[in-house]
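Engineer: Those sequence lines, one after another, are chains A and B. UniProt numbering puts the last residue of the first sequence at 592; the count rises by one with no breaks. UniProt numbering puts the last residue of the second sequence at 592; the count rises by one with no breaks.
Incorrect hints may appear among the rest.
[To be verified] In silico BS3-like pairs for lysine-lysine, Cα to Cα no more than 25 Å straight-line:
| no. | chain 1 | residue 1 | chain 2 | residue 2 |
| --- | --- | --- | --- | --- |
| 1 | A | Lys247 | B | Lys247 |
| 2 | B | Lys77 | A | Lys247 |
| 3 | A | Lys83 | A | Lys521 |
| 4 | B | Lys183 | A | Lys247 |
| 5 | A | Lys127 | A | Lys247 |
[Claimed, not checked] Now the stretches of chain B that chain A is said to cover, found in silico as 3 or more residues with beta-carbon under 8 Å:
| no. | region |
| --- | --- |
| 6 | 207 to 218 |
| 7 | 469 to 475 |
| 8 | 507 to 517 |
These are calculated hints, taken from the structure and not from any lab test. Being a predicted model, the structure only gives us computed values, none of them experimental. Glycine included, C-beta positions come from ideal geometry on N, C-alpha and C.
There are 2 protein chains.
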Amino acid sequence: MNTVAPANEAAAWVSSFSRALQAGDIDTACAHFLEDGYWRDLLAFTWNIKTLEGRDAIRAMLTSNLGSAAPSNWQPKGEAEVKDGLVEAWFTFETAIGRGEGMVRLKDGRARTLFTAMMDLKGFEEKSGPARPLGVRHKADRNRETWSEARRREERELGAAVQPYCVIIGGGQGGIALGARLKQLGVPAVILEKNARAGDSWRRRYRSLVLHDPVWYDHLPYIPFPDHWPVFTPKDKMGDWLEMYAKVMELNYWTESACTSASYDETAKRWTVEVDRAGERVALTPSHLVFATGAYGPPRMVDLRGAADFRGEILHSSQYSDAASFKGRKVAVIGSASSGHDVSVDLWEAGADVTMIQRSPTTVVKSSTLMELGFDTYSEEALAKGITTEMADMMAASMPFGLLPEGQKKLYAEIRERDADFYRQLSASGFAIDFGEDETGQMMKAYRTGSGYYIDVGASELIINGEIKVKSGASIESMTPTGILFDDGSEIEADVVIACTGYQSMHETVAELVSREVADKVGPCWGLGSGVRGDPGPWQGEPRNMWKPTAQEALWFHGGNLALSRFYSKFLALQLKARMEGLETPIYGAPA
Amino acid sequence: MNTVAPANEAAAWVSSFSRALQAGDIDTACAHFLEDGYWRDLLAFTWNIKTLEGRDAIRAMLTSNLGSAAPSNWQPKGEAEVKDGLVEAWFTFETAIGRGEGMVRLKDGRARTLFTAMMDLKGFEEKSGPARPLGVRHKADRNRETWSEARRREERELGAAVQPYCVIIGGGQGGIALGARLKQLGVPAVILEKNARAGDSWRRRYRSLVLHDPVWYDHLPYIPFPDHWPVFTPKDKMGDWLEMYAKVMELNYWTESACTSASYDETAKRWTVEVDRAGERVALTPSHLVFATGAYGPPRMVDLRGAADFRGEILHSSQYSDAASFKGRKVAVIGSASSGHDVSVDLWEAGADVTMIQRSPTTVVKSSTLMELGFDTYSEEALAKGITTEMADMMAASMPFGLLPEGQKKLYAEIRERDADFYRQLSASGFAIDFGEDETGQMMKAYRTGSGYYIDVGASELIINGEIKVKSGASIESMTPTGILFDDGSEIEADVVIACTGYQSMHETVAELVSREVADKVGPCWGLGSGVRGDPGPWQGEPRNMWKPTAQEALWFHGGNLALSRFYSKFLALQLKARMEGLETPIYGAPA
Numbered sequence: 001m002n003t004v005a006p007a008n009e010a011a012a013w014v015s016s017f018s019r020a021l022q023a024g025d026i027d028t029a030c031a032h033f034l035e036d037g038y039w040r041d042l043l044a045f046t047w048n049i050k051t052l053e054g055r056d057a058i059r060a061m062l063t064s065n066l067g068s069a070a071p072s073n074w075q076p077k078g079e080a081e082v083k084d085g086l087v088e089a090w091f092t093f094e095t096a097i098g099r100g101e102g103m104v105r106l107k108d109g110r111a112r113t114l115f116t117a118m119m120d121l122k123g124f125e126e127k128s129g130p131a132r133p134l135g136v137r138h139k140a141d142r143n144r145e146t147w148s149e150a151r152r153r154e155e156r157e158l159g160a161a162v163q164p165y166c167v168i169i170g171g172g173q174g175g176i177a178l179g180a181r182l183k184q185l186g187v188p189a190v191i192l193e194k195n196a197r198a199g200d201s202w203r204r205r206y207r208s209l210v211l212h213d214p215v216w217y218d219h220l221p222y223i224p225f226p227d228h229w230p231v232f233t234p235k236d237k238m239g240d241w242l243e244m245y246a247k248v249m250e251l252n253y254w255t256e257s258a259c260t261s262a263s264y265d266e267t268a269k270r271w272t273v274e275v276d277r278a279g280e281r282v283a284l285t286p287s288h289l290v291f292a293t294g295a296y297g298p299p300r301m302v303d304l305r306g307a308a309d310f311r312g313e314i315l316h317s318s319q320y321s322d323a324a325s326f327k328g329r330k331v332a333v334i335g336s337a338s339s340g341h342d343v344s345v346d347l348w349e350a351g352a353d354v355t356m357i358q359r360s361p362t363t364v365v366k367s368s369t370l371m372e373l374g375f376d377t378y379s380e381e382a383l384a385k386g387i388t389t390e391m392a393d394m395m396a397a398s399m400p401f402g403l404l405p406e407g408q409k410k411l412y413a414e415i416r417e418r419d420a421d422f423y424r425q426l427s428a429s430g431f432a433i434d435f436g437e438d439e440t441g442q443m444m445k446a447y448r449t450g451s452g453y454y455i456d457v458g459a460s461e462l463i464i465n466g467e468i469k470v471k472s473g474a475s476i477e478s479m480t481p482t483g484i485l486f487d488d489g490s491e492i493e494a495d496v497v498i499a500c501t502g503y504q505s506m507h508e509t510v511a512e513l514v515s516r517e518v519a520d521k522v523g524p525c526w527g528l529g530s531g532v533r534g535d536p537g538p539w540q541g542e543p544r545n546m547w548k549p550t551a552q553e554a555l556w557f558h559g560g561n562l563a564l565s566r567f568y569s570k571f572l573a574l575q576l577k578a579r580m581e582g583l584e585t586p587i588y589g590a591p592a
Numbered sequence: 001m002n003t004v005a006p007a008n009e010a011a012a013w014v015s016s017f018s019r020a021l022q023a024g025d026i027d028t029a030c031a032h033f034l035e036d037g038y039w040r041d042l043l044a045f046t047w048n049i050k051t052l053e054g055r056d057a058i059r060a061m062l063t064s065n066l067g068s069a070a071p072s073n074w075q076p077k078g079e080a081e082v083k084d085g086l087v088e089a090w091f092t093f094e095t096a097i098g099r100g101e102g103m104v105r106l107k108d109g110r111a112r113t114l115f116t117a118m119m120d121l122k123g124f125e126e127k128s129g130p131a132r133p134l135g136v137r138h139k140a141d142r143n144r145e146t147w148s149e150a151r152r153r154e155e156r157e158l159g160a161a162v163q164p165y166c167v168i169i170g171g172g173q174g175g176i177a178l179g180a181r182l183k184q185l186g187v188p189a190v191i192l193e194k195n196a197r198a199g200d201s202w203r204r205r206y207r208s209l210v211l212h213d214p215v216w217y218d219h220l221p222y223i224p225f226p227d228h229w230p231v232f233t234p235k236d237k238m239g240d241w242l243e244m245y246a247k248v249m250e251l252n253y254w255t256e257s258a259c260t261s262a263s264y265d266e267t268a269k270r271w272t273v274e275v276d277r278a279g280e281r282v283a284l285t286p287s288h289l290v291f292a293t294g295a296y297g298p299p300r301m302v303d304l305r306g307a308a309d310f311r312g313e314i315l316h317s318s319q320y321s322d323a324a325s326f327k328g329r330k331v332a333v334i335g336s337a338s339s340g341h342d343v344s345v346d347l348w349e350a351g352a353d354v355t356m357i358q359r360s361p362t363t364v365v366k367s368s369t370l371m372e373l374g375f376d377t378y379s380e381e382a383l384a385k386g387i388t389t390e391m392a393d394m395m396a397a398s399m400p401f402g403l404l405p406e407g408q409k410k411l412y413a414e415i416r417e418r419d420a421d422f423y424r425q426l427s428a429s430g431f432a433i434d435f436g437e438d439e440t441g442q443m444m445k446a447y448r449t450g451s452g453y454y455i456d457v458g459a460s461e462l463i464i465n466g467e468i469k470v471k472s473g474a475s476i477e478s479m480t481p482t483g484i485l486f487d488d489g490s491e492i493e494a495d496v497v498i499a500c501t502g503y504q505s506m507h508e509t510v511a512e513l514v515s516r517e518v519a520d521k522v523g524p525c526w527g528l529g530s531g532v533r534g535d536p537g538p539w540q541g542e543p544r545n546m547w548k549p550t551a552q553e554a555l556w557f558h559g560g561n562l563a564l565s566r567f568y569s570k571f572l573a574l575q576l577k578a579r580m581e582g583l584e585t586p587i588y589g590a591p592a
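Starting from the given sequences, assemble the full structure and let the hints guide the process.
Structural biologist: Structure representation (structure tokens):
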């Protein structure tokens, strides 16, 4: 392949674009983009997570923030490539206060997409590799404080004599990954975890749970899983890994600690965070508060008419963990997304008589297919080509959300053809399948609504074989003393109803702990504003409120699966570090 | 540099040598070596750890073991290089049952040194990377045993319903690294650790202890320290790392478990290992028993005439941990090697009045100097050149012990010149310095006797400044009620005497637990037979009894610092795995 031409084309673009920026010539800079070009920026220019769509949006951003960003020293990184007819080229650059990395996709010499990300704050780099700490002064010292003494003092003082700069509510993978990043950046933080041990948020889930995403996608920052780690991590093994990680990364991780309320003093610029720490009341007064309480908020209970008459038990999937007690009983599982499927299999394995009640069509994709076609950059094959998880993360981040549907549509056309037999059999069982309103499949559903899909790890076969029964195409009319009545007049018997009906938005947790007023000001988390059901517009171009400034000063949201927690923890940590160090962080774009 | 010529020279040698081996033409094979050439083999040809010195030794080995080894498929690996006038080239090869890797150093077309190492047993490779386990069958299964259920069953059954194939006495870095290797090879093993927690063997040592070796030299297999890990690990941090490692590597690690006795049934080919497990008596019956009880055996107490008259306290360094109680007291430290220096500093830091009693000269080398000149292959600079810890280990192993003194002499000539001022000042304080009988310095002392040296991390400055007093050049005559009397008539006062007088050989632990007879049959561990004081001949060419078959069937020794534990655990694990699988392992060379 001729790589000279793309390399030259990319180098010419980067050099010319950077000259225009350095000269403050915004018109010329904008002319480097296609009319409908995209620029996705993580902090470097916007101190926000922001995609600018089209030249006008780009012009507006540059007019506002080019002066403060003051980009310079653009250098190519690696080899330019041609992919899908576009020239792709990575580069590094500097801003007034940081070092960045980015990628441009060129079509006919103009940018179809530009991606820029702040990677380091000058003078506040993480101390790692050649800059790692010595760990000891090689000198006798009568005032020596040993590592363990210093660590114990930190644990004793932080939250008492010394206030953390940041409090993170929630000690799952999100809180832990962010805590690790902050630790490496020297930002004092306390993580509040309501459970007794780190990792319990995984351990307490249902017995058969294993991660649906493969290991290459799931690494935490700093300490990757070893090479013998299984492709799909069992939940308790993940729990143990998180527990060891929190320990050896020296996080200030408070177990049995629940936030009971939090309020922000706009004048003093301080939170007061009330904590129940193993029965003891502690008030923390950090400058910043991060909600990392899981991808979702409180459980969403389903409102079942006549529930009081039902003689059996009704519970939410979040209350479900031990299948054994359901052996031989008739269980109706309401909901046909991930938890509905997983709970159904878990019950079937324990010998329950399971009926899944499907209220709307589900996007199903076989795990093995998704692994092969959808996780190509997170795999042994990618590693063999030199694509590390860190590089795969940057590659994924370089694609604006607005352009994802295009590629996902193609992917799902391929998947549907490949697994046509499977889909035919699943439909024949009475199970209703869709691929989203615009046929874009599982990942877009995940980003838009976080619901309505299942990555098949075995349940679909049970549905096809009739081992798990499906009731679809009718709405629940009411509960009866012995089961559920549908609006088509049919009735199913049930001893137990398990509502796998999902969760409310994370901002409901804010309403509970801070106030309804603050929650409403901030608005919901997640969703792109795609306009599909469950993800109302206007179009945002980025997930709402995640990892970036919100409408409430000093209140942040963090989370997502392991991959999102890993990648975006870096950028949230950089935002907190910059504020702690008093750096200028001019935010471009209204919070949403 | 012209790399074509060395590459050709190396390729020609490997190809011609391998042809001779394949043809069974031992004379021709031997002619590929210099008359005084060396061949160091780890298992691949000898099922032993063995250096053959000179053509005759090589001929004898090949005559015995070439047929069973049946080497084939020799392939160059990486680029050949010229170093110190010799062509160095790496290669891979196969034997009848395994895959190997090696290196040759050529002088005038003949091998000055050959290194061969078994890396994998065919059909019994570790399941890692592309071969990693899936971790779950993606299929509903009513007989599913989850990861945590399987793990709990293993913990419950191993040592009770199921006997381990191997028992490892000692759960420090040696036992843990070996346990991890065995786990990955599917060899059931139990590790016995007398302390309450993994890592306590580090935690229980004196307060100010930090590793003297740098992080790049200290990695455990499978999970390297992260990039922010300090250069010198504090003892408690190492303890925590070992504890997490044992947990996430899923080792069967029995805490509070001391071996009380062990005996081997030569007919049944089984050990009976009596264990006190937290007060409960358990008998294990493994096929193999590994002593990993630390580099040394029981403490070596010093015999002090008149000790009964002394009004103060006498203890061994192994009993010493808390300096605080010695504040303001006069302490005589007997011994001037590593523990003597470390204990003296620890005492001085706590405010004790310390006199070090030096009984023989000590090799001292500044840590910073050693880091720069001696650890060049284990460093950030080496990593930047692509030399990983695994590669550095192989490079180190490729050099026969018989050739080490030559290089070490040069290194110490350089060190003595560089730090001449330091050595002058230290001598002027009355402290006696040597560099070994043959001026080869610290590392050779470590391999030969494991004693008589100090890597300076601060004590020498205190000695130079007179903060730590030194009594040298006179022998202890006897204790007095108030101190120590010397044969030059002088006397020093002491409230406390701490004997930093080292440890007996590991084979004394065998005498304690198995029998004096077996201990004497096996003989001492460590030492090369160099003929210097403390390391009597005959010359062995390898450390005695470590990581290889001993005179007692099914009894093995493992240990050393973190680096040796990391590297040699692989080869001990392969020997155990081969035996478990019933592979032929014809051992060449008598145990010693």
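Engineer: Would you mind marking each hint as holding or not holding in the structure?
Structural biologist: Each hint tested on the structure:
1. Lys247(A) to Lys247(B): Answer holds: lysine 247(A) to lysine 247(B) is near 12 Å, not above 25 Å.
2. Lys77(B) to Lys247(A): violated, 40 Å
3. Lys83(A) to Lys521(A): violated, 42 Å
4. Lys183(B) to Lys247(A): Distance ~23 Å between lysine 183(B) and lysine 247(A) Cα, so the pair holds.
5. Lys127(A) to Lys247(A): Roughly 19 Å separates the two Cα atoms, so the pair holds.
6. 207 to 218: Contact hint for the region 207 to 218 of chain B vs chain A: holds, 4 residues under 8 Å.
7. 469 to 475: violated (count 0)
8. 507 to 517: Per the Cβ count (0), the hint is violated.
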